[in-house]
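Fit chain to chain and form the complex, with the hints in mind.
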Amino acid sequence: SAVISQKPSRDICQRGTSLTIQCQVDSQVTMMFWYRQQPGQSLTLIATANQGSEATYESGFVIDKFPISRPNLTFSTLTVSNMSPEDSSIYLCSVDPGAGNTIYFGEGSWLTVV
Amino acid sequence: QKEVEQDPGPLSVPEGAIVSLNCTYSNSAFQYFMWYRQYSRKGPELLMYTYSSGNKEDGRFTAQVDKSSKYISLFIRDSQPSDSATYLCAMSKGNTPLVFGKGTRLSVIA
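So the protein lines, in turn, are chains A and B.
Following our numbering, the numbering of the first sequence begins with 3 at its first residue and continues without gaps.
Following our numbering, the numbering of the second sequence begins with 3 at its first residue and continues without gaps.
Check before you lean on any hint, since a few could be wrong.
Now the in silico label distances, taken between C-beta atoms and shown as ranges [what the hints assert, rightly or not]:
{"#": "1", "chain 1": "B", "residue 1": "Asn29", "chain 2": "A", "residue 2": "Thr114", "range": "30 to 36 Å"}
{"#": "2", "chain 1": "B", "residue 1": "Ser109", "chain 2": "A", "residue 2": "Ser3", "range": "23 to 29 Å"}
{"#": "3", "chain 1": "A", "residue 1": "Ser55", "chain 2": "B", "residue 2": "Gln82", "range": "43 to 49 Å"}
{"#": "4", "chain 1": "A", "residue 1": "Gly42", "chain 2": "B", "residue 2": "Glu47", "range": "15 to 21 Å"}
{"#": "5", "chain 1": "B", "residue 1": "Lys4", "chain 2": "A", "residue 2": "Asn84", "range": "27 to 33 Å"}
{"#": "6", "chain 1": "A", "residue 1": "Ser7", "chain 2": "B", "residue 2": "Ala31", "range": "44 to 50 Å"}
{"#": "7", "chain 1": "B", "residue 1": "Asp9", "chain 2": "A", "residue 2": "Asp13", "range": "30 to 36 Å"}
{"#": "8", "chain 1": "B", "residue 1": "Glu17", "chain 2": "A", "residue 2": "Asp66", "range": "47 to 53 Å"}
{"#": "9", "chain 1": "B", "residue 1": "Gly56", "chain 2": "A", "residue 2": "Ser55", "range": "35 to 41 Å"}
{"#": "10", "chain 1": "B", "residue 1": "Tyr73", "chain 2": "A", "residue 2": "Val64", "range": "33 to 39 Å"}
{"#": "11", "chain 1": "A", "residue 1": "Ser71", "chain 2": "B", "residue 2": "Glu17", "range": "45 to 51 Å"}
Source of the hints: derived by calculation from the structure; they are not laboratory data.
Even glycine gets a Cβ: it sits at the ideal position worked out from N, Cα and C.
Pulled out of the complex, with its shape left as it was, chain B reads as follows (with noise of 0.2 Å):
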């Protein structure tokens, strides 16, 4: 079993949806969650950044972290074409080396 899961897609939603992406892990040592963007060829951008189990909102995204389901969630609202992108959720224990999962692809559709 791999240490972080993520379907990759793709997923395509119409303009104005609600988005969930989720990973699941296996390595009950994760402390810290954070997702993060890419576009096509261009670099990750930290997206949302979670410590331990909870909710963090950020405007139209939604960082979720359940512990004790070793599963992680980002919601977009009120989707935007902008949003279209490869979405990576990432993992650490603290002052150790993420572990990234594989991506989700999106497309949100004008």
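Isolated chain A (complex conformation) (with noise of 0.2 Å):
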């Protein structure tokens, strides 16, 4: 497993501002994602991050959104920018350590845009 440390836990921001998420892991690992997770609803994956390439993002997220960086294997910050009330929700950040086809998940930063 691996041990994952986001930041910020939790946030409220105004409309129109935006927020980095930091999230750091305790070893080094290759594949990185970003989740969200909506009130109620299920996880969604915004974006892979790849050490030394740029962030693969799913149908329906934007880099101009949700510009992430991965400047090392221990490393990724997830931006949300230019917030509206529609981007509340938690920001998860996890990673697949390798072991096998499965990932492990920070705290998550929750986010309020008000």
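See the structure below:
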């Protein structure tokens, strides 16, 4: 498994602003993922972030809205840009430590946009 | 038809009951099956991981996969109030993103 730390754990943000979420892992991992979980919904994959390459975004998510950085094998950031109330959600960082087709999650960042 | 279907509940059971949680799926290419437990306002925690068909047991938890029926289950024996959480099934084809069910909210009443 892996220990994953996310910051901030929660925040209240003003409409139109941007917020960057940080994800730190206690070991080097190749594959990191960012998910969104809207209230009462399941997890939706935003993008896959591999070190040394551009993030790969899922349908419905674009880099201008959710820019991602992956500077090394233990760290990534997700920015939620120009936020609206519809962006109120839990944002989850997750990693695949390579043990075989499963992933582990951080505690999540709970964002409320007002 | 969604790739993964899971009854959202809520499911309420008395302490000590056997709980059965289920998911069905449509994509026969799924090979890896997982159950996650998510407490309120926390990240999902990996509970069980199964490859292909069969059963896997870990303490009070048993995961079953029936690939012929495209049906997976999680059984919780001697359920406890601390088991109250949302349980998410997830699956993948291998080296592909996980596909999650919507989660079933479980309450175990003391």
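Comparing the hints with the structure gives:
One distance hint, 30 to 36 Å for the beta-carbon pair Asn29 (chain B) and Thr114 (chain A), holds here, with the actual separation near 35 Å. The given range of 23 to 29 Å is respected by Ser109 (chain B) and Ser3 (chain A), whose C-beta atoms sit roughly 27 Å from each other. Between Ser55 (chain A) and Gln82 (chain B), the C-beta spacing of about 44 Å keeps the proposed range 43 to 49 Å intact. As the Cβ distance of Gly42 (chain A) to Glu47 (chain B) is approximately 19 Å, the hint placing it in 15 to 21 Å holds.
Judged by the Cβ atoms, the range 27 to 33 Å given for Lys4 (chain B) and Asn84 (chain A) holds: they are separated by roughly 30 Å. In this structure the supplied range 44 to 50 Å is violated for Ser7 (chain A) paired with Ala31 (chain B), their Cβ-Cβ distance being about 34 Å. Between Asp9 (chain B) and Asp13 (chain A) the CB atoms are about 33 Å apart, so this pair conforms to the stated range of 30 to 36 Å. Between Glu17 (chain B) and Asp66 (chain A) the beta carbons are some 50 Å apart, a value that agrees with the proposed interval 47 to 53 Å.
At roughly 36 Å, the beta carbons of Gly56 (chain B) and Ser55 (chain A) sit within the given window of 35 to 41 Å. A C-beta distance of roughly 36 Å is found between Tyr73 (chain B) and Val64 (chain A), which places it inside the suggested range of 33 to 39 Å. Taken as a hint, the range 45 to 51 Å holds for the pair Ser71 (chain A) and Glu17 (chain B), whose Cβ atoms sit roughly 46 Å apart.
The earlier numbered hint that this structure contradicts is number 6, and it is the only one.
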